[in-house]
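Chains as they are written, first to last, in this note's numbering: chain A, 1 to 109; chain B, 1001 to 1114.
Honestly, the hints are just simulated from the structure, not real lab data.
Just so you know, even glycine gets a beta-carbon here, dropped at the ideal spot from N, CA and C.
The reader is advised that the hints may include incorrect statements.
Unchecked claim - Cross-link-like lysine-lysine pairs, in silico, BS3-like; alpha carbons within 27 Å at most:
1. 1044/B <-> 96/A
2. 1040/B <-> 71/A
3. 1041/B <-> 42/A
4. 1019/B <-> 42/A
5. 68/A <-> 1044/B
6. 42/A <-> 1022/B
7. 22/A <-> 1067/B
8. 71/A <-> 96/A
9. 1071/B <-> 68/A
10. 1009/B <-> 22/A
11. 71/A <-> 57/A
12. 22/A <-> 71/A
13. 1052/B <-> 22/A
14. 68/A <-> 1067/B
15. 1041/B <-> 96/A
16. 96/A <-> 1040/B
17. 1036/B <-> 58/A
18. 1036/B <-> 71/A
19. 1067/B <-> 1009/B
20. 68/A <-> 42/A
21. 1071/B <-> 42/A
22. 1044/B <-> 42/A
23. 1036/B <-> 96/A
24. 58/A <-> 68/A
25. 1009/B <-> 71/A
26. 42/A <-> 1067/B
27. 96/A <-> 1052/B
28. 1022/B <-> 22/A
29. 1071/B <-> 1044/B
30. 1022/B <-> 1071/B
31. 96/A <-> 1009/B
32. 1044/B <-> 22/A
33. 71/A <-> 58/A
34. 1036/B <-> 1067/B
35. 42/A <-> 1040/B
Said to hold, decoys possible - Restraint-style ranges between C-beta atoms, simulated for each label pair:
36. 1052/B <-> 53/A: 16 to 22 Å
37. 59/A <-> 1077/B: 37 to 43 Å
38. 1054/B <-> 41/A: 17 to 23 Å
39. 1077/B <-> 3/A: 26 to 32 Å
40. 17/A <-> 1052/B: 46 to 52 Å
Here are the chains, one letter per residue:
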Amino acid sequence: GENVEQHPSTLSVQEGDSAVIKCTYSDSASNYFPWYKQELGKRPQLIIDIRSNVGEKKDQRIAVTLNKTAKHFSLHITETQPEDSAVYFCAASSYKLSFGAGTTVTVRA
Amino acid sequence: DTAVSQTPKYLVTQMGNDKSIKCEQNLGHDTMYWYKQDSKKFLKIMFSYNNKELIINETVPNRFSPKSPDKAHLNLHINSLELGDSAVYFCASSQGGSGPYEQYFGPGTRLTVT
Chain A
1 GENVEQHPST LSVQEGDSAV IKCTYSDSAS NYFPWYKQEL GKRPQLIIDI RSNVGEKKDQ
61 RIAVTLNKTA KHFSLHITET QPEDSAVYFC AASSYKLSFG AGTTVTVRA
Chain B
1001 DTAVSQTPKY LVTQMGNDKS IKCEQNLGHD TMYWYKQDSK KFLKIMFSYN NKELIINETV
1061 PNRFSPKSPD KAHLNLHINS LELGDSAVYF CASSQGGSGP YEQYFGPGTR LTVT
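Next comes chain B alone, as it looks inside the complex (with noise of 0.2 Å):
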C-alpha cells in the first residue's frame, strides 16, 4: 500500500533526449513537491505544486517542466537532457493549509544522462 510513488525507478538516456518522471501519492494531500539529490547527497527544492497550483519554482532550468493533473499527481517533463541532469529526484507529498507538515518522500528515480 504505497503512500507515495514514483516511475520509473531508474532511467538512463543520453544527452539530448526528453523523458518524464511520473509521481503519484494516495494519502490525500493536498501538496506535492519534486526534490534533486545530487551526487553529493544534497537535496533541494525543485518545485511545490498545492492544489495543482504552482507554489515554488526554484531557479530551475526552463527544461524542466512540472505538471499536475490534479492534487494526486505531479509529473516532471525534462528536455534536452544534459550530463548535469544526473541525480536521483524525489517527489513527495504533505497536508496542506497552515503547515508546515511532514513530507513523505517516494522511493526516488535515479535518472544518469551519457
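Next comes chain A alone, as it looks inside the complex (with noise of 0.2 Å):
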C-alpha cells in the first residue's frame, strides 16, 4: 500500500517568512496530492491539491511542486500569517488517499 512520509514534523516560522513542507510517497500508481490544514479543535480543510500531470501550482501565498520522478511533492507558504498557524497534513491518493503525520506550523508575530 501507500505509505507518505512528511517532513517536518514541527515548524517554527517568523511572520512573514516562508515555510516549506516536504512530502514523499511510495505508490507509482498515485495520481492526486492534495494538502489539508487542520486547525486547533476544526476538521481538515483542503488548501491546494496537484495532479500527476502537473509539475506545479500556486493559489495566492500557497504553492505547491511534484516530482513525479523522485515521488515527492512539496508545500511553500510565502509571506505567512499568524493565522496560518496549523496542522498542515499531505496526502497521495490511487485509490485511496494516504495521509502524511502532519507537521505543526507556527507562526511567530
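Two chains, each in its own frame: build the complex with the hints.
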C-alpha cells in the first residue's frame, strides 16, 4: 500500500517568512496529491491539490510542486501570517487517500 | 448550510458499551468515508462507501461496522468499546466517478472511552 512520509513534524517561522513542508510517497500509481490544513479542534480542510499531470500549482501565497520521478511533493507558504498556524497534512491517492503524519506550523508574530 | 454533518460531536462512554456515530452529507456526493484521528493527529482511513456499496475496508476490528442506508448517509456502529478506540472520528464525502476528488470532512466526533 501507499506510504506517505512528511517532514518536518514541527515548523516555527517568523511572520512574513516562508514555510516549506516536504512529502514523499511510495506508490507510483498515486495520481492525486492534496494538502489539508487542520486548525485546533477543527476539521481538515483542503487548501490546495495537484494532479500527476502537473508539476506546479499556485494559489495566492500557497504553492505546491510535484516531482513524479522522485516521488516527492512540497508545500510552500510565502509571507506567513499568524492565521497560517495549524497542522498541515499532505496526502497521496491512487484508490484511497493516505495521509502524512502532519506538520505543526507555528507562525511567530 | 452544513455540507457534511456528524452527530454527536462528543461521546463519552465506558468500556464494553456499544455506540453509534451518524454522518450526513448534502453535497450530492456518491462516496463517503470514515477516518480515525488518533492522539498523535494521525489520520487513517477506515471505510469507504460508493453509492451504498462498501469499496474500502481497511484492517479495522470487526467491532466496527459501517452502514449506509442511502448515499447521503454513512453511520458507524462500534461494539464492545475499548480504551484504544478513543479518538476523533471524521466522516468525509467526495464526488464519485473516475476521480479521485477533493474530500470534504465533517466536524468530527470526539470519542472518549473510560
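Do the hints match the structure? See the list:
1. For the suggested pair residue 1044/B and residue 96/A, the alpha carbons sit about 10 Å apart, so the restraint of at most 27 Å is met.
2. Distance restraint check for residue 1040/B and residue 71/A: the Cα-Cα separation of roughly 25 Å lies within the 27 Å cut-off, and the hinted pair is therefore satisfied.
3. For the given pair, residue 1041/B sits about 12 Å from residue 42/A by alpha-carbon distance, which is consistent with the 27 Å threshold.
4. Annotation: proposed proximity of residue 1019/B to residue 42/A holds, straight-line Cα distance about 22 Å (limit 27 Å).
5. A threshold of 27 Å between alpha carbons decides the hint, and for residue 68/A with residue 1044/B the separation of about 23 Å falls inside it, so the pair holds.
6. Between residue 42/A and residue 1022/B the alpha-carbon distance is near 18 Å, which keeps this suggested pair within the 27 Å criterion.
7. A distance of roughly 37 Å separates the Cα atoms of residue 22/A and residue 1067/B; the hinted pair therefore is violated under the 27 Å criterion.
8. Taken as a hint, the residue 71/A and residue 96/A pair is honoured in the structure, with Cα atoms around 17 Å apart against an allowance of 27 Å.
9. Using a Cα cut-off of 27 Å, the hinted pair residue 1071/B and residue 68/A is violated, with the two alpha carbons roughly 34 Å apart.
10. For the proposed pair residue 1009/B and residue 22/A, the alpha carbon gap of about 32 Å is over 27 Å, so the pair is violated.
11. As the CA atoms of residue 71/A and residue 57/A are separated by approximately 16 Å, the hinted pair is consistent with the 27 Å bound.
12. A threshold of 27 Å between alpha carbons decides the hint, and for residue 22/A with residue 71/A the separation of about 11 Å falls inside it, so the pair holds.
13. Taking the CA atoms of residue 1052/B and residue 22/A, the gap is about 36 Å. The hint is violated against a cut of 27 Å.
14. Between residue 68/A and residue 1067/B, the direct Cα distance comes to roughly 37 Å. Violation of the 27 Å bound is thereby established for this hinted pair.
15. About 19 Å separates the Cα atoms of residue 1041/B and residue 96/A, which keeps this hinted pair within 27 Å; it holds.
16. Our distance criterion of 27 Å between C-alpha atoms is met by residue 96/A and residue 1040/B, whose separation comes to about 21 Å.
17. Restraint check: the Cα-Cα separation between residue 1036/B and residue 58/A comes to about 30 Å, which exceeds 27 Å; the hinted pair is violated.
18. A hinted pair counts as satisfied when its Cα atoms are at most 27 Å apart, and residue 1036/B with residue 71/A qualifies at roughly 26 Å.
19. Distance check on the hinted pair: residue 1067/B and residue 1009/B sit about 19 Å apart at the alpha-carbon level, within 27 Å; holds.
20. Under the criterion of a C-alpha separation no larger than 27 Å, the hint pairing residue 68/A with residue 42/A is inconsistent with the structure, at around 31 Å.
21. Simply put, residue 1071/B and residue 42/A have alpha-carbon atoms about 25 Å apart, close enough for the 27 Å limit, and the pair holds.
22. With a C-alpha separation of about 16 Å, the suggested pair residue 1044/B and residue 42/A falls inside the 27 Å cut-off, and the hint holds.
23. Taken as a hint, the residue 1036/B and residue 96/A pair is honoured in the structure, with Cα atoms around 14 Å apart against an allowance of 27 Å.
24. About 18 Å separates the Cα atoms of residue 58/A and residue 68/A, which keeps this hinted pair within 27 Å; it holds.
25. A threshold of 27 Å between alpha carbons decides the hint, and for residue 1009/B with residue 71/A the separation of about 37 Å lies outside it, so the pair is violated.
26. For the suggested pair residue 42/A and residue 1067/B, the alpha carbons sit about 25 Å apart, so the restraint of at most 27 Å is met.
27. About 17 Å separates the Cα atoms of residue 96/A and residue 1052/B, which keeps this hinted pair within 27 Å; it holds.
28. Under the criterion of a C-alpha separation no larger than 27 Å, the hint pairing residue 1022/B with residue 22/A is inconsistent with the structure, at around 35 Å.
29. Taking the CA atoms of residue 1071/B and residue 1044/B, the gap is near 22 Å; set against the 27 Å cutoff, the hint holds.
30. Of the pairs offered as hints, the one joining residue 1022/B and residue 1071/B holds, with about 13 Å between alpha carbons and a cut-off of 27 Å not exceeded.
31. Annotation: proposed proximity of residue 96/A to residue 1009/B holds, straight-line Cα distance about 25 Å (limit 27 Å).
32. Between residue 1044/B and residue 22/A the CA atoms are separated by roughly 19 Å; this keeps the pair inside 27 Å, and the hint holds.
33. The straight-line distance between the Cα atoms of residue 71/A and residue 58/A is roughly 19 Å, inside the 27 Å bound, and the hint therefore holds.
34. Under the criterion of a C-alpha separation no larger than 27 Å, the hint pairing residue 1036/B with residue 1067/B is consistent with the structure, at around 16 Å.
35. Taking the CA atoms of residue 42/A and residue 1040/B, the gap is about 15 Å. The hint holds against a cut of 27 Å.
36. Residue 1052/B and residue 53/A have their C-beta atoms about 32 Å apart, which leaves the hinted 16 to 22 Å range violated.
37. Between residue 59/A and residue 1077/B the Cβ separation comes to about 39 Å, which falls inside the hinted range of 37 to 43 Å.
38. Hint check: residue 1054/B to residue 41/A, Cβ distance near 30 Å, so the stated range 17 to 23 Å is violated.
39. Under the hint 26 to 32 Å, the C-beta atoms of residue 1077/B and residue 3/A, about 30 Å apart, fit the expected range.
40. For residue 17/A paired with residue 1052/B, a C-beta distance near 48 Å keeps the hint of 46 to 52 Å intact.
In terms of the numbered hints stated before, the structure departs from hints 7, 9, 10, 13, 14, 17, 20, 25, 28, 36 and 38, listed from lowest to highest.
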